[in-house]
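**Q** Assemble the complex: chain E is given as a structure, and chain G must be docked to it using the hints.
Line by line, the protein sequences give chains E and G.
Position 160, counted from 1, in the first sequence is what my numbering calls 160; the numbers after and before it change by one each time, with no gaps.
My numbering runs 210 ahead of the 1-based position in the second sequence.
All clues stand as given, with none of them false.
Here are the computed lysine-lysine pairs in the DSBU-like style, where the Cα-Cα straight-line distance is at most 35 angstroms:
id, chain 1, residue 1, chain 2, residue 2
1, E, K134, G, K362
2, E, K134, G, K273
3, E, K134, E, K152
4, E, K134, G, K344
5, G, K362, E, K152
6, E, K63, E, K134
7, G, K344, G, K273
8, G, K362, G, K344
9, G, K344, E, K152
10, E, K63, G, K273
11, E, K63, G, K344
Everything labelled a hint here was simulated from the structure, so no lab data went into it.
Number of protein chains: 2
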Amino acid sequence: MMSVTVNSSMGGVGRWEPNSRGRLQAAALTLFAERGFDQTTTAEIAARAGVTERTFFRHFADKREVLFGGHEELRHRIVAAVAEAPVPAGPLDAVMAGLESAAGMLGQFPRELSWRRQTVIASNPELRERELAKLADYAAAVAAVLRDRGVKDPAAGLAAEVGMTVMRVALERWAGGADGRPLVDVMHDCMSEMSAVTAAARPGYGPSNS
Amino acid sequence: MMSVTVNSSMGGVGRWEPNSRGRLQAAALTLFAERGFDQTTTAEIAARAGVTERTFFRHFADKREVLFGGHEELRHRIVAAVAEAPVPAGPLDAVMAGLESAAGMLGQFPRELSWRRQTVIASNPELRERELAKLADYAAAVAAVLRDRGVKDPAAGLAAEVGMTVMRVALERWAGGADGRPLVDVMHDCMSEMSAVTAAARPGYGPSNS
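One chain only, chain E, in its complex shape (with noise of 0.2 angstroms):
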C-alpha cells in the first residue's frame, strides 16, 4: 500500500514522495497555512489528504514531526560533509562542503511546501524558537567538526554560525523563488554575497582606541 520506508526519517525537509507520507506532508503544511499550526488537527490532516487518522500516525509521531522530522539526518549530512571536506579546504570552504550537502537533500523536497513550511514556522513563537534550536544545535555540531580539523576558536564557531545563516538565508530565497535556480546555487550566491559583505567591511577591526 505504501512505501514509505525508505523515507520514513524524512519529514518536514527533504525528499518528497508523491506516496501517503508525501500527500500527509502536502496536507499538512496546507492545512498549517491556512489556518494555522495550532488550530489544525491530525484528523483534519488526515481527512485532506485522503488517508486514516490511523495511517498519519504510521508516518509521524505527532503535526510537529511533518514539520521537525528528518532533522537528525540532515545534521548528519552535514557534519559528515564537513568531517570529509579535503584537508586542506579552509574552514569555510569545509563548512560549504555542508551546505552542498544539505541542499542535496533540502533541494528535492517541494519548493513550494518548502515555502509554506518556512511561512508557518515563522508564524508561530514556538516552532521558530525550535527551528532556531536546531539550527543552534547545527552550528554546535559543525563547530566541534571543525575544532577536530583543527581550526581555533574563534574561527570555527564563527565559519559555522556563517554557514548555517547562509543556509537558513539560502532556503528561505530558493523557497522564494529564486529565478527557479536550483537550491545548491542559491547556497553558493548567498555565501559569495557573505564573503562581499565582510570583506567591504572597514579593514581591520582590531583592538579599539576608546
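**A** This is chain G only, laid out in the frame that chain E set:
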C-alpha cells in the same frame, strides 16, 4: 532605601549596581548556576540577597526577568546605532556601530555574572530557545534598518545575522576571560576574525557547475 528607578528596565544584561537590584541579580545568577534555574525559587533568591521576596518582585516580574530584563533597551541601542551610523558606512560597518553600542551597555555588567548568566541559559533548553529568539529578533530589526539605509537583500539579512553572531561569540569570550580585555575590543577581534574566515574561503562561490 533603594536607588533603582534609573535602571529599573535593566535585568540580565547591562549596568549593574551593588544595590538591592544588583544584589538580587548576583544572588539569582549564583543560585541558578548552583542548583539550576528550575530548582531556584524567588524566595531563595531574596533570602540570599538579604532582602524580602516583596523586594524581589519590586524589581523583577519573575525569575526569568533576571536573565532577560533589559533586552528591549539593548535592542533599541543596537538598532539606533545602526540607523545613525554615517551614511557612507557599509552594512557591516553600520552593524559594528550597533555592536559598539551594545558593548557599552553589556560591558558594564560584571564579567563573572555575565558568565553565570550564559552558563545557566546554555544548560536549560527553554532558556536557550528564548535567548536565540531574542537574538533572531535583533537580527531582524537590524536587517530592517539596513534595508532602510538602502542595503539590498540578501546582504542586509546576512550582515545583520553576522553581527548578532559576532556579538554572541564575543560576549561568550569576554565573559569567559579573554585576557581581561574590554568587551568592545573582543567584539572588534571577533569581527576581524569573521572577516578573515570569510576572506580565506575559496574565491567566488558562484553558480555551481553541477
